[in-house]
Amino acid sequence: MKIKLNDMQFHSYIGFYPAEREVGQDITVNLTLTLPDRPLETYLSDDLTQTVNYGDVYDLVTAMATAKNEIKLIETLAAQMIQAIHQQFPNEIEQINVRIKKHNLPINGILDSAEIELVG
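Counting from 1, position 52 in the sequence shown corresponds to residue 52 in full-length UniProt numbering; the numbering is continuous, with no gaps.
Hint data in this document are derived by calculation from the structure and do not stem from the laboratory.
Each residue gets a CB set at the ideal place from its N, CA and C atoms; glycine is no exception.
One thing to keep in mind: the hints can contain errors.
[To be verified] Label pairs and their calculated CB-CB ranges:
1. D47 - K2: 30 to 36 Å
2. A19 - D46: 31 to 37 Å
3. V119 - P18: 26 to 32 Å
4. E115 - D56: 23 to 29 Å
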């Protein structure tokens with residue numbers, strides 16, 4: 001069982017350069033949560049306690065992605081997201097895949113975005 005939160009859009013204050021952390025830029029976050037194997041009947045129960053409330057995951061990711069802090073790398077943000085989600089759902093999630101795409105890069109050239117992917 002996998003739960004995917006796709007194309008979450010945030011204005012973030014992450015960046016290597018001070019201006020990036022001051023003005024901010026747009027990022028896109030994609031999450032894939034892999035849950036432990038369970039029988040199909042588990043999900044036929046229509047019981048939220050038998051799965052992960054992705055609204056709670058979204059709220060956690062939002063708080064982290066939009067916080068004004070001193071994080072410079074999207075790699076660091078991804079690692080912190082994985083750690084925080086595992087802490088909030090210690091037994092419900094086996095693996096988390098985070099992809100973060102950073103738009104509007106301060107690079108002198110034509111580049112749509114840069115993206116990292118981290119699994120933990």
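Here's how the hints hold up against the structure:
| no. | hint | result |
| --- | --- | --- |
| 1 | D47 - K2: 30 to 36 Å | violated, 18 Å |
| 2 | A19 - D46: 31 to 37 Å | violated, 49 Å |
| 3 | V119 - P18: 26 to 32 Å | holds, 31 Å |
| 4 | E115 - D56: 23 to 29 Å | holds, 25 Å |
Checked against the numbered hints listed earlier, the structure breaks hints 1, 2; every other hint is satisfied.
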